[in-house]
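Trainee: Working from the sequences, and respecting the hints, build out all of it.
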Amino acid sequence: MVVQPLDKTSGERLTGQITAHRMVTLSFRVPGKMVERSVLAGNPVRQGQILARLDDATETQTLLAATADAQSARAALAQMTPLKQRATALLPDHAVSRNDYDDVIRRYRMTQETVLATEARQKIAAQQLERTRLRADADGIITDRLVEVGEVVAAGQPIMRMADSAGRDAQFDIPADFLRSGLTTGTLMTVCLDANRQICANGTLYELSPDSDPLTRTYRARVVLQDTPAAMTLGSVAVGCFSASPHPDIHLPPAALTAQNGQPAVWVVMPDTMTVTLRPVGVAQYAADDVTIASGLKAGERIVTAGVQALYPGKKVSLLDESHVRP
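Using the working numbering, the letters of the sequence shown correspond one by one to residues 1 to 327.
Keep in mind the hints are simulated off the structure, nothing from the lab.
Small disclaimer: the values here were computed from a predicted structure and weren't measured.
Glycine is no exception: its CB is placed at the ideal position from the N, C-alpha and C atoms.
The reader is advised that the hints may include incorrect statements.
[Stated by the list, open to error] Computed list of lysine-lysine pairs in DSS-like fashion (alpha-carbon distance at most 30 angstroms, straight line): (1) K298 - K315; (2) K123 - K33; (3) K84 - K33; (4) K316 - K298.
[What the hints assert, rightly or not] Per label pair, the in silico range of CB-to-CB distance: (5) R46 - V237: 37 to 45 angstroms; (6) V237 - P31: 36 to 44 angstroms; (7) E113 - V24: 39 to 47 angstroms; (8) Q157 - Q226: 29 to 37 angstroms; (9) E36 - L90: 56 to 64 angstroms; (10) N99 - D55: 52 to 60 angstroms; (11) R135 - N196: 32 to 40 angstroms; (12) T25 - N196: 31 to 39 angstroms.
Mentor: Shown next, in the form of structure tokens:
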């Protein structure tokens, strides 16, 4: 037979679904009682939109108190500023004692520090009040709500899940044969809608589960899509086809395999003399009716597939069937 590489994954179609490239779990950064939820599962949301709110009575009062303290400190600074300017102007003429001047400067600087401290507390109080509002950090679609109005939640507790609208993935369950054929991350794929095969997008395999599903024995794979059509909405059934591998495998019948010094080998026919020579090969995988060769053979070489145990180096062979070419 003539060796011809074969990419088993090329042209094979898989059925999966369109998912979000980025799923976000939304939560409050402060604890409290949730008093309002403005969206439901399935609702589209915009970046910055308020999705839920905690009881903010305490935070509101804290902000009011901090604001009053800051205003009082600024008023005190406004009173101290002309006193400081007056003392500074009188000091060169000795119209004010050095002790009185130093006291004015000390009180002025203390007032400045008080303004900075109260404004910082005001800013922190405003941030705490804002954190009682749960906002969407990007455009997306709410996929699940995990807390009901009236529940007391902890800081960081999941409240909702959101699918980011920025990108789309296609998710597939890959048979083990694809992995044995050398399928790896970075493989290109064409993904089309099952309902309309004219709506397609190109993608790249970027995530491949190392463990198989215990029931289906398949491997979860995610393909990031480029320039996704608007019709490829979340949950749509998709059909994917992997592009041909740049390094397709060589597959031989088990009868072609023999051994040399305990290592797998095949008999290669020299085209000019029609004699055979034994060549070691690297085997990637054994199967019941197929052996995958990883190294040692090139496309176009002719090997012996029958009667290999009766051969020896230099023995002449003849072709039984010129058309016997394994696709």
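Trainee: Report the numbers of all earlier hints that the structure fails to satisfy, in ascending order.
Mentor: 3, 5
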